[in-house]
Amino acid sequence: MLKCFWISFRLRMAYRINSILYALRQIPLVKKVILVTLYGNTILKNIITCIALLWELLSIFINKGLYVLVFVFVPVFFISNDTKILMILNILFFLTIAGAISNNTMFDPTKDKYYAMILMRMDARKYTLTNYLYNMFKILLGMGVSLACLRFFFNIPFYICVLIPVYIIFSKTISATFSLYQFEKKGQVRNENSPVFKVWAGIIICWILAYAGLFLRMYLPFYVYIGAMLTACIVGLFLSRYVWMYEKYKEMYRILLQNTPLDMQAIMKDAQAKNITDAIKMDETITSDKTGYAYFNDLFVKRHKKILWRYSKKLSLIIIGVALVIGIGELFFDEVGMIVQKFVLDYLPYFIFILYSFNSSKSVVQAMFYNCDHSMLTYSFYRRPEVILSLFRLRLRSLILINLFPAVALAIGLDVLLALSGSDESLLVYLIVFICIISTSIFFSIHYLTCYYLLQPYNEFTETKSATYSLVMSLTYGICFAFIYLHMSTYVFGTIMTIFSLVYIAISYRLVYKKAGQTFRLRR
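If you read the sequence shown in my numbering, its first letter stands for residue 1, the second for the next number, and so on.
Since the hints were derived computationally from the structure, they do not count as laboratory data.
Note that the structure is a prediction, hence the values are computed from the model and not measured.
Incorrect hints may appear among the rest.
For lysine-lysine, the following DSSO-like pairs were computed, each having C-alpha atoms within a straight-line distance of at most 27 Å [unchecked claim]:
hint : residue 1 : residue 2
1    : 302       : 313
2    : 126       : 248
3    : 111       : 248
4    : 250       : 3
5    : 111       : 362
Could you build the full structure based on these sequences and the hints that come with them?
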């Protein structure tokens, strides 16, 4: 068992090391330093191995730490002290159920499993069990440390910090046992990348139940949470023998991993092409009265209207629905109005992260690439600076308009909710809140399109192959996430975001004109 785990661990590290080297070579300045011949350099590989091992260790705490921070600490921070423990238990109890039915590494068809069990013919049972135990150990350690840190802010009993990680492990064991039993009796293979409708429904229900207490102020009794968790631990411990003695891992993975990585890319490309083709309007009567590249862009937007606008319209309706529910809550509960006032007036920068999460620019840009640019980039005229700048300007206008629908819904919704809360703020505050939300939405539209033109990251399979692009996107996420903890005057923050967006569009416009002719190309 230990030998099998060590081989699989080294295989995963080798895959990660080569991925790091490949990613580094995609960065323009670093590429000249790290040559292809350095892939076999022992010293360099040892350095990167240390980095990979360090990241493996840190990721145990970073992943679970962020999970506890975002999904537990932040929501609980806004409620009264007498119900904090119950809210923490409620969130973790239901989110664990959602994670058990939707996130189990045993049924995730990753490349390292394909390499190990299909190409290298490693023992499927030993490989699965050792790696499963390793992942459970990471959960136990990561969640245990994260919940121990949470004790510094909330008075959580120590035994709960121990019970919850154990409850998570055995909940996943129960879910794994059920899936293995389904394969043994019915031949149904669970695939984490293709969840069925029942799984999605269960996830949605669990998330609603997890956070319903924030608004309803209703929880199960304390002993019910503890009793249910202990029961799950006992049942999971009993069923772990079934997982350990299971003999059909090899047959299961033959089906789960029946396609090679290259086959999977081709299948995904074909499926993506079919889905996109079905969504495109092929009506020949669709036309435009514009000329030149404006005609080209207008025709593209009209024929791909379903792809480009579908998410924006749905998100706008969801925002309106949530605003209505909160507005009704304000009419009947004074506490809801107080929360709205505090959130809008003191935590306006929080909406930077919300707008980042909801912004559809990345998917729209992918649609532009897949349905247009990956073919047009084979022509040299399409990469001339004047052509690039012309299409950039037209696309930016379209992208801003697409993202403005949900942004306007959110901006108006916040102002209406603030008014219903009984706030006595001046009309200038309402105007600044509105302008701040709109200018932030415009910024993200500019940002994604500029990064697309300057760093064009996609290959023919619409896979991201640019380490620089991934780094910029990661930094964008990190900065937006940091805004959650920024407290700033509504006047100051709104003014800064508006000016920043105007300056950013001027800089982006200049950079695209100067550099996009060299960078806007199809990656191989």
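- Item | Numbered hints the structure breaks, given as an ascending list | none
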